[in-house]
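Residue-level listing of the chains:
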Amino acid sequence: MGFTYETLLTKYEPVLGLEVHVELGTKSKMFCGCSTVFGAEPNTQTCPVCLGLPGSLPVVNEKAIEYTIAIGLALNCTIAPYSRFARKNYFYPDMPKNFQTSQYDEPICSNGFLDISIETDAGTKDFRIEIERVHMEEDTGKSLHMGGATGRIHGADYSLLDYNRAGIPLVEIVTKPIVGTGKYAPEVARAYVAELRDILRALGVSDVKMEQGSLRCDANVSLRPIGESKFGTRSETKNVNSLRSVERAVRSEMLRHGSLLDEGRRVIQETRHFHENTGETTAGRSKEQAEDYRYFPEPDLAPVTPSKDFIEKIRSSLPEKPSTRRKRLQENWQVPDKEMAAMINADVLDLVAATVELGADPTRARGWWLGEIARLANEREVSAGELPITPKDVSEIVQLIDSGELTDKLARQVVEGVINGEGRPKEIIANRGIKVVSDDSALLSAIEKAIAAQPDIAEKVRGGHIPAAGALIGAVMKETKGQADAAKVRELLLRHLGQG
Amino acid sequence: MIVNKSAIEMSQLLKDGEISSVDLTKAHLERIDEVDGQVKAFLYVDREGALAQAQLVDTKRKSGEKLSPLAGVPLALKDVMTQRGIPTTCGSKMLEGWRPPYDSTVVTRLRSSDVVILGKTNCDEFAMGSSTENSAYFPTRNPWDLNRIPGGSGGGSSASLAAYEAPLAIGTDTGGSIRQPAAVTGTVGVKPTYGGVSRYGLVAFSSSLDQAGPCARTVLDAAYLHEAIAGYDPLDSTSINAPVPPIVAAAKDGNVKGMKIGVIKELQGDGYQPGVLKLFNQSLEELANLGAEIVEVSCKYFDYALAAYYLIAPSECSSNLARFDAMRYGLRIGEGSAESVMNSTRAAGFGKEVKRRIILGTYALSSGYYDAYYGSAQKVRTLISQDFKAAFEKADVLVSPTAPTTAFKIGEKSNDPIAMYLNDIATIPTNLAGVCGMSLPSGLAEEDGLPAGFQIMAGAMKDDRLYKVGAALENALVKKWGGGILEQAPRLGIK
Numbered sequence: 001m002g003f004t005y006e007t008l009l010t011k012y013e014p015v016l017g018l019e020v021h022v023e024l025g026t027k028s029k030m031f032c033g034c035s036t037v038f039g040a041e042p043n044t045q046t047c048p049v050c051l052g053l054p055g056s057l058p059v060v061n062e063k064a065i066e067y068t069i070a071i072g073l074a075l076n077c078t079i080a081p082y083s084r085f086a087r088k089n090y091f092y093p094d095m096p097k098n099f100q101t102s103q104y105d106e107p108i109c110s111n112g113f114l115d116i117s118i119e120t121d122a123g124t125k126d127f128r129i130e131i132e133r134v135h136m137e138e139d140t141g142k143s144l145h146m147g148g149a150t151g152r153i154h155g156a157d158y159s160l161l162d163y164n165r166a167g168i169p170l171v172e173i174v175t176k177p178i179v180g181t182g183k184y185a186p187e188v189a190r191a192y193v194a195e196l197r198d199i200l201r202a203l204g205v206s207d208v209k210m211e212q213g214s215l216r217c218d219a220n221v222s223l224r225p226i227g228e229s230k231f232g233t234r235s236e237t238k239n240v241n242s243l244r245s246v247e248r249a250v251r252s253e254m255l256r257h258g259s260l261l262d263e264g265r266r267v268i269q270e271t272r273h274f275h276e277n278t279g280e281t282t283a284g285r286s287k288e289q290a291e292d293y294r295y296f297p298e299p300d301l302a303p304v305t306p307s308k309d310f311i312e313k314i315r316s317s318l319p320e321k322p323s324t325r326r327k328r329l330q331e332n333w334q335v336p337d338k339e340m341a342a343m344i345n346a347d348v349l350d351l352v353a354a355t356v357e358l359g360a361d362p363t364r365a366r367g368w369w370l371g372e373i374a375r376l377a378n379e380r381e382v383s384a385g386e387l388p389i390t391p392k393d394v395s396e397i398v399q400l401i402d403s404g405e406l407t408d409k410l411a412r413q414v415v416e417g418v419i420n421g422e423g424r425p426k427e428i429i430a431n432r433g434i435k436v437v438s439d440d441s442a443l444l445s446a447i448e449k450a451i452a453a454q455p456d457i458a459e460k461v462r463g464g465h466i467p468a469a470g471a472l473i474g475a476v477m478k479e480t481k482g483q484a485d486a487a488k489v490r491e492l493l494l495r496h497l498g499q500g
Numbered sequence: 001m002i003v004n005k006s007a008i009e010m011s012q013l014l015k016d017g018e019i020s021s022v023d024l025t026k027a028h029l030e031r032i033d034e035v036d037g038q039v040k041a042f043l044y045v046d047r048e049g050a051l052a053q054a055q056l057v058d059t060k061r062k063s064g065e066k067l068s069p070l071a072g073v074p075l076a077l078k079d080v081m082t083q084r085g086i087p088t089t090c091g092s093k094m095l096e097g098w099r100p101p102y103d104s105t106v107v108t109r110l111r112s113s114d115v116v117i118l119g120k121t122n123c124d125e126f127a128m129g130s131s132t133e134n135s136a137y138f139p140t141r142n143p144w145d146l147n148r149i150p151g152g153s154g155g156g157s158s159a160s161l162a163a164y165e166a167p168l169a170i171g172t173d174t175g176g177s178i179r180q181p182a183a184v185t186g187t188v189g190v191k192p193t194y195g196g197v198s199r200y201g202l203v204a205f206s207s208s209l210d211q212a213g214p215c216a217r218t219v220l221d222a223a224y225l226h227e228a229i230a231g232y233d234p235l236d237s238t239s240i241n242a243p244v245p246p247i248v249a250a251a252k253d254g255n256v257k258g259m260k261i262g263v264i265k266e267l268q269g270d271g272y273q274p275g276v277l278k279l280f281n282q283s284l285e286e287l288a289n290l291g292a293e294i295v296e297v298s299c300k301y302f303d304y305a306l307a308a309y310y311l312i313a314p315s316e317c318s319s320n321l322a323r324f325d326a327m328r329y330g331l332r333i334g335e336g337s338a339e340s341v342m343n344s345t346r347a348a349g350f351g352k353e354v355k356r357r358i359i360l361g362t363y364a365l366s367s368g369y370y371d372a373y374y375g376s377a378q379k380v381r382t383l384i385s386q387d388f389k390a391a392f393e394k395a396d397v398l399v400s401p402t403a404p405t406t407a408f409k410i411g412e413k414s415n416d417p418i419a420m421y422l423n424d425i426a427t428i429p430t431n432l433a434g435v436c437g438m439s440l441p442s443g444l445a446e447e448d449g450l451p452a453g454f455q456i457m458a459g460a461m462k463d464d465r466l467y468k469v470g471a472a473l474e475n476a477l478v479k480k481w482g483g484g485i486l487e488q489a490p491r492l493g494i495k
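For the record, the sequence lines run as chains A and B. Counting from 1, one number per residue, gives the positions in the first sequence under the working numbering. Counting from 1, one number per residue, gives the positions in the second sequence under the working numbering.
These are computed hints drawn from the structure, not numbers from a lab. Fair warning: this is a prediction, and the values are worked out from it, not measured in the lab. Positions of the beta carbon are idealized from the N, C-alpha and C atoms, including for glycine. Each hint can be trusted.
Just the calculated beta-carbon pair ranges, DEER-fashion:
hint, chain 1, residue 1, chain 2, residue 2, range
1, B, Asn281, A, Asp105, 47 to 53 angstroms
2, A, Lys142, B, Gln386, 43 to 49 angstroms
3, B, Arg356, A, Gly147, 38 to 44 angstroms
Residues on chain A that point at chain B, a partial pick, calculated with CB under 7 angstroms:
hint, residue
4, Gly52
5, Arg87
6, Asn89
7, Phe99
8, Asp292
9, Arg294
10, Pro299
11, Ala302
Put together the whole structure using the sequences plus the hints.
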């Protein structure tokens, strides 16, 4: 395909709209007392209310309202003193009532903004993303399509319904159209979702796990010719399950739109599914004909009317903003800008901070998360946070190095073990029989062996050419399978050769 | 016969040890066996459950436990209220065989009052109708004339009272489904203030209008039942968190001296049967004789109430009834994709009137029509509330005939939905405004010798006023008739 990203940018300007769905971390569902814990046996976390049984009625979870207001305040929104739920009517088997209780023309929070910054060719650049609305709704159940080849509804033999997720509180955060990002649209999209995620995590309102679906992003992308004020036709990409995917999906859609427009074809208004493996999207549901959801105010629920005191109480307990926190951490740790950006980019800042909180030295903590762990994450094509290694593991490993129980090289084996799922660091040390060889006699015999094997080099060292010792030390380390403390080997070797 | 007594008389006999609850329950089950083949009030009779419950109450009583006034007294439950493990069909094929896994709050409260639930009564499908002819199972007949309708939607509950199959019943009232059946069967029915009785477990027809309430043969019986089921319920967000008004005390008091009674100008005249109006005016005279002041009030937006109702109720019903899709419970027809199963099940499972209202409501909520239909109807609703508010500044209660006519013949209005809807013209405003209303017998119309109803309406959470005025009128009329109106009804059964 001759159409490149660069060509695209000479002709078109991207417009983004991001809709983020967040599953709130409340203990119970939005309108009933059922548990929200992820991964339970299908249909074990249900009751007459979330199954929509005849006669059942919803009751609003107050914690969910509190969380939503907190999100609204953190995003600089206006909090409505009066808002209502509405029914969004459409038939779908995983929706127990065949309407979703949501908010429509009266969202609880509106007109906010979120400031983000990205690294550009010309240095750090700030963007203000305007927030249209933040509203509450309930999640649907899940359809599992059985048989057939793809797990999709087409070609399936039958479908199973799991309503454990039905009624889990969701908050939808919708941006206003994002313009003026130019070539950085993918990075801006990513940075926005990342910043939003950090805020939500700091607020403690959600576990924001994209891969488990507790934070989901729908990316609306359209292109318009440069200089044009009217928006182009948009597509809405779903199934974007990681920060990296947000960036890739936006870029891929920009390219797809761009090449369509360039060939004089039109963009179809539809949902698209993003595929992690190909990095591309495929067509979903057409949105050419607007669906009529027949919204009307939910008569089973009283309006939401938070008092000023209630709102102010939430405002006063808002945590430190992630951007402020980043500044504070950078100062405390004395990290250069570039390193800081690297941590943010690799999405390990929180992990490093947690490791430091557990007692590890900031530089060393950062070294591990950005070094060996990042390398292994890369190999596995996941983010560091998705690996089964925790800040606690890393702080423990750092401690073991400090106490001389591990060498750097051995520690890398331990890290790899943890990531392979072999257990926690101490288990791996025990199971793999990892130990620093510090027994002098064992080391001495290895040293003698090394000297015997390379007598000429030994002579050089004896003659005062200390750097030559490296080859001998290497041989000893090889002999001891890396379990010796290199510093100790060096000390013994030099002493043995009369240089100690 | 024990079954002819009032609930409170039965309660006294139980307290005095004159009869056990088991025997009282058996007497009612026998009465059901005797007459229900003709009346067809019940969709399901829970013999075992009722007798077990009666036995439990007798045991409690023997052990000296303090019991509620209605302990051991039987009751019939309209089939739109869930009762755990007991078939709940809502008069629809859609729910045939469905046994809810949970109790409605009304049932929970009845249980805690040790009331004995005899079974589930027939109703128009999903409570949509004014004659009980829309039941998917069979029509219920009026004990006064078996060729006539017992009112609707709660015709099963009202007929069961008039036929002495139960001394108490639960009804639900969305546009008059408690009061109009009470009027045409010579019984008492009360639609409490919206939010006064929990809707949890009441299968919704129109959420913003539905209200469960008591049905009985006397005002005092209704008062006891009302108090037993009323009060705040955390499971219903629309239930009112305030003390229940002193209903029983008001019914016992029955003193209207000095009260202002407002006659609503718009709820009489054209379309009202002359005999019904005559009885209404005679009742007013009785109240005036008791020292009440009769004033006339105008509620000019009531003329639009029916039109507004038939937009709001169908709109909400189109959404409420969407859940009946064969995916989780109830009827399932056909195979293939979920969509085709949903389509064939809904085509087969809903009756004509239900489909009519779902289609009406779907249309009224559609984009482009919403403002003209649903939106306008909501504005009318506000205006009607304002009418009530202004009227209640002039009067303590408002009154009207409950229904424009006495019971009509089965089949007479089946093919004329508008004529059928007009039955509820006087009861609907109350539901739209969320205020409370009662119907009690005003006598037998001179044209046909059938019972007519007198409607009393009071402001929100002023339900006690209904009972005060109702008791006063009932006392006066019973004295005049020399007994309850049902004593003039034809004797059903072979005994």
